[in-house]
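A.B. asks: Here the protein sequences line up with chains A and B, keeping their order.
At position 307 of the first sequence the residue is numbered 307 (the working numbering), and the sequence of numbers has no breaks.
At position 28 of the second sequence the residue is numbered 28 (the working numbering), and the sequence of numbers has no breaks.
Note that these hints are calculated values from the structure, not bench results.
In this text the structure is predicted, and so the values were computed from the model without any measurement.
Keep in mind that a hint or two might mislead.
Straight-line distance between alpha carbons at most 20 Å, and here's what the computed SDA-like set of lysine to any residue pairs gives [what the hints assert, rightly or not]:
#1 B:LYS136 <-> B:TYR52
#2 B:LYS13 <-> A:ALA392
#3 A:LYS386 <-> B:ASP118
#4 A:LYS410 <-> B:LEU10
#5 A:LYS65 <-> A:LEU272
#6 A:LYS386 <-> B:GLU70
#7 A:LYS410 <-> B:LEU36
#8 A:LYS408 <-> B:ASP41
#9 B:LYS60 <-> A:ASP377
#10 A:LYS386 <-> B:ASN12
#11 B:LYS62 <-> A:ASP377
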Amino acid sequence: MIRDIENETRPREELRALQLQRLQAVVSRVYHMVPFYRRRLDEAGVKPEDIRSLDDLHRIPYTTKQDIRDNYPFAMFAAPMDQIVRIHASSGTTGKPTPVAYTQRDIDMWAEMMARTLAAGGAHAGDIVHVSYGYGLFTGGLGAHYGAERLGAAVIPVSGGQTRRQVMLIQDFGPTVLCCTPSFALYLAEVGREMGVDFKKSKLRVGIFGAEPWSDAMRTEIEARLHLDALDIYGLSEILGPGVAIECVEAKRGLHIFEDHFLPEIINPTTLEPLPPGETGELVITTITKEAFPLLRYRTRDITSLDYAPCKCGRTMARIGRLQGRSDDMLIIRGVNVFPSQIESVLVETEGVAPHYQLIVDREGQLDTLEVAVEVDEAVFSDEVKAMQALAKGIERKIKDYFTVSVKVKLVEPRTIPRSEGKAVRVIDRRKM
Amino acid sequence: MKVEQISVFLENKAGRLAEVTRILGEGGINIRALSLADTTDFGILRLIVDKYDTARELLKGKGFTVGKTEVVAVEVPDRPGGLGLVLQALAKAGINVEYMYAFVQHSGKNAVIIFRFDNLDQAIELLQKEGVHIYKGEEVYRL
Chain A
1 MIRDIENETR
11 PREELRALQL
21 QRLQAVVSRV
31 YHMVPFYRRR
41 LDEAGVKPED
51 IRSLDDLHRI
61 PYTTKQDIRD
71 NYPFAMFAAP
81 MDQIVRIHAS
91 SGTTGKPTPV
101 AYTQRDIDMW
111 AEMMARTLAA
121 GGAHAGDIVH
131 VSYGYGLFTG
141 GLGAHYGAER
151 LGAAVIPVSG
161 GQTRRQVMLI
171 QDFGPTVLCC
181 TPSFALYLAE
191 VGREMGVDFK
201 KSKLRVGIFG
211 AEPWSDAMRT
221 EIEARLHLDA
231 LDIYGLSEIL
241 GPGVAIECVE
251 AKRGLHIFED
261 HFLPEIINPT
271 TLEPLPPGET
281 GELVITTITK
291 EAFPLLRYRT
301 RDITSLDYAP
311 CKCGRTMARI
321 GRLQGRSDDM
331 LIIRGVNVFP
341 SQIESVLVET
351 EGVAPHYQLI
361 VDREGQLDTL
371 EVAVEVDEAV
381 FSDEVKAMQA
391 LAKGIERKIK
401 DYFTVSVKVK
411 LVEPRTIPRS
421 EGKAVRVIDR
431 RKM
Chain B
1 MKVEQISVFL
11 ENKAGRLAEV
21 TRILGEGGIN
31 IRALSLADTT
41 DFGILRLIVD
51 KYDTARELLK
61 GKGFTVGKTE
71 VVAVEVPDRP
81 GGLGLVLQAL
91 AKAGINVEYM
101 YAFVQHSGKN
111 AVIIFRFDNL
121 DQAIELLQKE
131 GVHIYKGEEV
141 YRL
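Let's have the full structure, built from the sequences with the hints guiding it.
C.D. replies: This is the structure in structure tokens:
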């Protein structure tokens, strides 16, 4: 189902004209409102009036997560605080989060985008939407929530955790739409089975699953176990939150990116050259309608491709392929973004712990696990078991406090973590997608 | 009055304990007493050996994490209730035993027990006051 026929099926010529007009406006906005962008554009020799065609986009420098970090906390905001109504944050690459802001118009646009994604799965007023994404600084919960309300659906704002209780609510309240991470969907199915629940009898019809990469094999499994249509949704807090792109239930082949608000490109992450349609590379997005936190040519680090072929659902918007990985070392553990550098920062500030560590990512049942192997040297070694266990627990607690991800710290003997000549092998990912 | 104990960090995997004993054996080190505390992930091996410094160098040279702890070697009458007398005295004085293990060999007719205390000096003082015999380090390494 298409919520906004005019915008979602606009002829591409008209769409490009709209995109250019909006691109010009946003470049002008950040040039005048954000000192960082004025400096960047001046250095590149680009004035807002130089953007005369969509091809001129290529003259604009890229923005990276490091740039946002350098302007911590609020120097990238392009609206005064009296116009900002919400601040979210994603995990940064070290201890500090990456804050993002929204004006009322941004919040409305976001709700509209999420309403479009729900509609793409066939949801409508009268549906009951069970939201298991986390509520809080993370954009998942509130993003899905506002979208469902905008659609006129009834929201059950469950947030994460308490899986057995969630299964009970699915049985008793009869939600028709489920929003969560794909791994949590499988976990719900697992716990439901233990509780003797037959999901064939539940009213669930469609699931909007995102915040972590998954595969068509996982889709087949989720659909078979939960008896619903499973759709992939894409979003990142820097750009908006959930609702940047969505699969349509008609085709389930690629995620339509809402090009009237987000201008996508694919680049070679090494040479930074733009790549032609269809080629695989790093997704770069320019937000062309946001007020409080617009980003020009933001490097998402997600590896995918763009497909401009018409879709049978009728949308004219390009589709991004399933995410194939990252061009940086970010890990996604149960929907939480984790960078090895974050773990490292905790270890470094733990007295006596050697900087040699390794992250082992695995999947137990349906849930991701992250084990941190830490070498024990003489500075921290104790002859008492309780002291060693306190050391491990202390590191686990710190990582949980800072980055909201549960890890298991495993103490290992010195020199057991391989040292390589070039880049240390910091991450071993044993998950099979 | 204090005895030097070597502690060795061991990952919980096959062959690590054998490796330690092999290294010490080849280095001509005699193990006088040992105890192994284990958890699901790791173990802590505690050893009393005849040549502490040599043993420490050998193990460190092979990449083991080695620690030094001072413990007390106590003579305990080898008869029913012998250990109980010592422990009761400690309990009465509020001295906590972190861990303890028995010596392999006897000294004459009595047993030798290694004690690890938080407050070592206080424990030694109390035990001596109670008339408990405590071995000197050199005596223990030669036992």
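A.B. asks: Could you run down the list of hints and mark each one as holding or not?
C.D. replies: These are the hints, each one checked on the structure:
no., hint, in the structure
1, B:LYS136 <-> B:TYR52, "holds, 14 Å"
2, B:LYS13 <-> A:ALA392, "holds, 18 Å"
3, A:LYS386 <-> B:ASP118, "holds, 13 Å"
4, A:LYS410 <-> B:LEU10, "holds, 12 Å"
5, A:LYS65 <-> A:LEU272, "holds, 16 Å"
6, A:LYS386 <-> B:GLU70, "holds, 18 Å"
7, A:LYS410 <-> B:LEU36, "holds, 19 Å"
8, A:LYS408 <-> B:ASP41, "holds, 11 Å"
9, B:LYS60 <-> A:ASP377, "holds, 11 Å"
10, A:LYS386 <-> B:ASN12, "holds, 16 Å"
11, B:LYS62 <-> A:ASP377, "holds, 13 Å"
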